[in-house]
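The task is simple: from the sequences and hints, build the whole structure.
Following our numbering, the numbering of the sequence shown begins with 1 at its first residue and continues without gaps.
What the hints contain is simulated information worked out from the structure, not anything from laboratory work.
With a cut-off of at most 20 angstroms between alpha-carbon atoms, the simulated DMTMM-like pairs for lysine to aspartate or glutamate come out as follows:
1) 83 - 185
2) 213 - 147
3) 213 - 200
Label-pair ranges, simulated between beta-carbon atoms:
4) 28 - 169: 25 to 33 angstroms
5) 141 - 102: 53 to 61 angstroms
6) 102 - 275: 23 to 31 angstroms
7) 28 - 254: 16 to 24 angstroms
8) 95 - 201: 39 to 47 angstroms
Given the structure is predicted, the values throughout are model-derived calculations rather than measurements. Ideal placement from N, C-alpha and C gives every residue a C-beta, glycine not left out.
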Amino acid sequence: MLAFGPKGASFIRETINSAKKHNIPYQLLDHEQIHNRWPGIEAPEGYEGCLEENAGMLYSANCLRAFKKMALSEGAELLTNTKVTGIDAESGTVTTDQGSYSAKTVIVSGGAWNTELFQQLDLQIRMQPTRQTNVWFEPEEDLYRVEDSFPIFFADLPDGEYYGFPMIDGKGVKSGRHDHGPDVDPSTMDRTFGTYPEDEQDPRQFLDRFLPKAAGPCNDGRACMYTRTPDHDFIIDHHPVHHSIVLAGGFSGHGFKYAPVIGEILADLTLTGASNFDLAPFSVTRSALNTYQK
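Here it is in structure tokens:
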């Protein structure tokens, strides 16, 4: 993965500090080295990049299929398209439009609907859903193929944070904006890509500036949601009053890659009441959750 931006950009500094702390190999590149290695990237003078060659990517659909297969093999019952209408913390009863279910411990992890579910548990914590889009563009030149070691990329710019993936399976170069999206109600959000001009324009303008030969015709696009906490950190904790309720959410657009370890933590909190990991940064009672700022 290549993170690039102006020298001193916070994401690059944080990436380097994390790599040093955990002994992860990395390379620091100047703007000329970036362009010489990947001619499809136009990094201006004064920009730098941090390359983690051992970083990778997840095929999310394959991951979800694997999670589902493993859950079913352990006897789980999956209730898709089932609306939760109530949670009784005292009895551990979850009411849905398909029936009620009771357990000694309930994990509440409702994604973009967590604010509503948490309110049912007397927790006034704002986790703001935002509408995000990602787009696949047909490159104008053959410079961005994963087979040629073109990297996943993240740009920390003065006017925004953008990410992208190389050409994979012929779909195009994928790009989207990470730090911005309009606030939405998850139950009424327009999920049709292209409803708003900026659905395509925002990532296209980024590519025009920094990966200009990637910004060809739009092949496809998707509208999805982030659920942001005020500090963009997760919530993984017991309910402060009802210890039989375990809370998880506010993954702020960067939680999926941690799904296996989050699942392990939630299982431990459910079965043993504790985790071997330090969960203080993800406390539901931390002061940062009292306010919200995008």
